[in-house]
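Chemist: These are the residues of each chain, in order.
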Amino acid sequence: MKQHILSIIWLTPLVGMLLLLFIPKENKQLIRLFANIVGALGMAVCLPLVFWFDNSIADFQFVERASWIPSLGVEYYLGIDGVALLLIVLTALIGFLSIWCSWNAIQERTKEYYAFLLFLQAGMMGVFMALDLFLFYVFWEVMLVPMYFIIGIWGSARRTYAAIKFFLYTLAGSVLMLLAMLTLYFLHFQQFNEYSFALEDLMRTTIDPTTQIWLFWGFFFAFAIKVPMFPFHTWLPDAHTEAPTAGSVILAGVLLKMGLYGLFRFSFPLLPGAAADDSTVEILAALSIIAIIYGALVSLMQKDWKKLVAYSSVSHLGFCTLGLIALNPAGVSGGMLQGINHGLSTPLLFLAVGIMYERRHTREIAEYGGLATRMPVYAALFGIAVFASAGIPGLNGFIGEFAILRGAFEKDPYWAAFAVVGIVLGVAYLLWLFQRIMLGSITNPKNETVPDLSPREILIMLPLVAGCFWIGLYPKPFFDLLEKPAAKLVERVQPGYFERAGIPNPLDKAKQVAELTKE
Amino acid sequence: MIPQFTATDFFVLKPILLLSLFGCGILILDFLIKDPRMRWWNAMTALLGEIMTGVAIWQHQQDLGGAAIQGLGGAIVVDGFSVFFNWLFLGAASLAILISVTYLEIEGEHRGEYYALMLFAQAGMAAMAQGYELVTLFIGLELMALSFYVLVGFLRDEKRANEAAIKYVLLGAFSSGVLVYGFSILYGISGSTDLRQIAAAVAQREPTDPVMILALVTLSVGLFFKISAVPFHMWAPDAYEGAPTPITAYLSVASKAASFALMLRIFLVPLWSARELWIPALAVVALASMTLGNIAALTQSNMKRLIAYSSISHAGYMLLGLVAANETGLQGIAVYLFVYMFMNFGVLTVVAAMRREGQPAEEVDDLSGLMARHPGYAILMLIFMLSLAGIPPTAGFLGKYYIFLGLIEAGHYLLAVAGALYVAVAAYYYFRIVRAIFLSDAADPPTFHLSRGVKLATVASGVLTLLIFFYPEPILSLAADSVLLALR
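Order-wise, the sequence lines are chains F and D. With the working numbering, letter number 508 in the first sequence gets 506, and the count goes up by one each step, no holes. So the mapping is simple: the working numbering equals the position in the second sequence, first residue as 1, plus 19.
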């Protein structure tokens, strides 16, 4: 059981999907119920991970390794560290909530819808577990197809355009990544005379600095498009705005994190020389800062509620990449934590938009106003989401932004200065959004009769709200999980960082613990 | 000394002999069948012939102990290369026979000659894959081409079919002429038609020798025609569109594979020493094929024309394997051709099944709303489209994988990047089809004629397209064996 827990986690939604196909499509209620049960089950099988995960170990855990295509050296190789653990739990949660929140919203082609959602879930889980680059690429690509359909079939007016744009953009990035992977694979073959796609094998390869930089950009396009970093973000507003609520929730909650995760897991560790190169770092930092400020400014201008939330993602992910590229412990763990934070608070915002859209069928901000008087519970939950996104102390966004700023300041005070401007703008557009929608008196008579949240809607939002408060008030368990993976990355990119900075290296502690347990 | 026809000769020739024999047998059998409804016996006989041929190929594979088996004084051989391609031809012909019965019955052209010609074409292809001597190769090529000329125009009452056949005959004859001119130069250089002796003679010459350049140009032009590479691709869309759909599939898969087999034999044996000369030329042609094929396919509304342009771009990808000119690249061509068979057949089988008021329905829009009506076929089509685009988890990805890896190993990074980016372009038009199937509703859907043969062919193609991805080892080792012997 324990050895195969990762396989069980990614196969649960897949098996659920296959079983779902046997339910006749007329039986919509049963399909819904079944999909929700599978979603809940998908979450339940992740729970043992949380208990079994041993945070004193710096290596990958729950490793599964078997040969798949021997003549190409491809392996079925799974394993997780603290970062992957957090992302897997987040994926399970978001996956379940997105299935649950579709109960009333999706009335057409219900069976296909849930089948695609579950298939997507399996692919996303796989991405966070794969330690073999070939396997990773397969999961990475497989995931695109169900998302294409979720946007393309159940989206709003411009859905086909948004779906194909999302698909082609991501595909173009991924094929360049494939070439970079193949080059690494070949270089490894030249040096060791054995074919392997395993991450640790490829990390042993020595690569000259120029090649490293080329390969880095190869990987970069795939991940930068997924994050999305400026100027590769143009698919995002379309995809997020046109997708059904569940699609937006998954896109914001999980898919964007994959780009971040890819940079963290593959780009930097595989090509430390490129990551230590000053011009690479400066370009990435500049792109991140532009994303932060540009995303915020564009959000300020939006008249469409959902589009505003979509552009806010560009800005928030800019923070994450800025933290990551600072390449010091505070920045890296802050960046990854902010990724998790964004995965909690932005789905909340999208759920809020979706809930109103189901009631009023419009996303124009101007159509609303004074909703707080009619819908106090909704206003409260939406307020928490807005505050969490804006980085108000006591909620998760603050913790993440603080850690990122600390990391960025350590690297270069100017970065931090620009990022602070972004935070101020972020507070501005989010609070202004809240004010226009919730406060004042009701100006539009159509809003007089909207009902407040149903118990189901409250229950869907509560776990995310709880997560926001947890990270906001007691982030220590999360930082503990991120500490070692972040330290590993920093040591890989800047060997001897901890010694120079005079900070104790968490990896040494892990080593001591390992030795003690051996004795 | 009078050469004796030995048991080895017979063994080596067996697939070709069996195919010819069954082809002739069908011609006689057809004569004996009085009831037109019993014509499917012709197809059954052809399938029986395929099974017997399969046994012969299997025997070839078993007896192959690393070295090539030579027959008829070295004119014809059995090696890993020929075994691989013979399997491929066998698969393509079997699939084509399976889907032909219903199609021909509806068209009212169900005749024995059709199956006989298919087997003759396959015998020609087998000769192309097994031949090690110019005359044998050329006879094989012409046997295949002549059979296809008739098959493309088999629907005699169709204007489009006649036009297609005429175009195909004229351009095909021209290209064969150019190719045989190249052959004659090779003979002139070496005084022999045996590929090994030609290779020895060519190696003595400077690659920049004008005679060599002339030989290279004529041979390349002739072969580019046959594999429908740009700028010699003009016949393909018309021939593909006008031919009966099962023949479109057979032509696009088997004839292309056989032409690639011929091309590989000629470029890797006699012309290998001149590779510095042909690699850049092939690179340009490959790039042009991918560019034109992909861009022209973007705007096609007819499925068969779309597949024709996409097959031009696929030919470009396969040529890139030859540009890489290393083991990985050549293995890539073999794998690519093999997986291409299943995905292309799968798509065209579904197209062949669609009818509206007795007429073939071949537009992309005719697939609209397929998901609502035939979800199983819609999902199979999705698998084929992903495979054609080269997206995992489908076999098409493996073909691209090898080609890209081969290019990287050979240091052709820019070509690899171009090939990779065209994947995204191609995905656009493949996903136009996916969009029609899953995202649109049909106002006036065509009817589907799903005979058992059609069902079997589609499901088998779909299952194999997935299976080869998840368990590729057998195909990869077969392809690896084929490459080793092609490189001597």
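FYI, nobody ran anything at the bench for these hints, they're computed from the structure. Where is the CB? At the ideal position from N, CA and C, for every residue including glycine. Be aware that a few hints might be false.
[Claimed, not checked] Derived list of chain F stretches under chain D, where covered just means 3 residues or more per stretch with a C-beta under 8 Å from a C-beta of chain D:
{"#": "1", "stretch": "26 to 32"}
{"#": "2", "stretch": "430 to 442"}
[As the list claims (entries may be wrong)] Residues of chain D clear of chain F, computed beta-carbon distances all greater than 10 Å:
{"#": "3", "residue": "Pro55"}
{"#": "4", "residue": "Val197"}
{"#": "5", "residue": "Glu225"}
{"#": "6", "residue": "Ala302"}
{"#": "7", "residue": "Arg392"}
{"#": "8", "residue": "Glu428"}
{"#": "9", "residue": "Leu458"}
{"#": "10", "residue": "Glu492"}
Chemist: So, for every hint listed, does it hold in this structure?
Modeler: Evaluated hints:
1. 26 to 32: Answer violated; 0 residues pass the 8 Å Cβ test.
2. 430 to 442: violated (count 0)
3. Pro55: It holds; Pro55 of chain D is separated from chain F by about 41 Å at its closest Cβ, greater than 10 Å.
4. Val197: Consistent with the label, Val197 of chain D stays out of reach of chain F, its closest Cβ about 36 Å off (over 10 Å).
5. Glu225: Non-interface label on Glu225 of chain D holds, nearest chain F Cβ at 32 Å vs cutoff 10 Å.
6. Ala302: holds, 17 Å
7. Arg392: holds, 13 Å
8. Glu428: violated, 6 Å
9. Leu458: violated, 5 Å
10. Glu492: Check fails; 6 Å does not lie beyond 10 Å.
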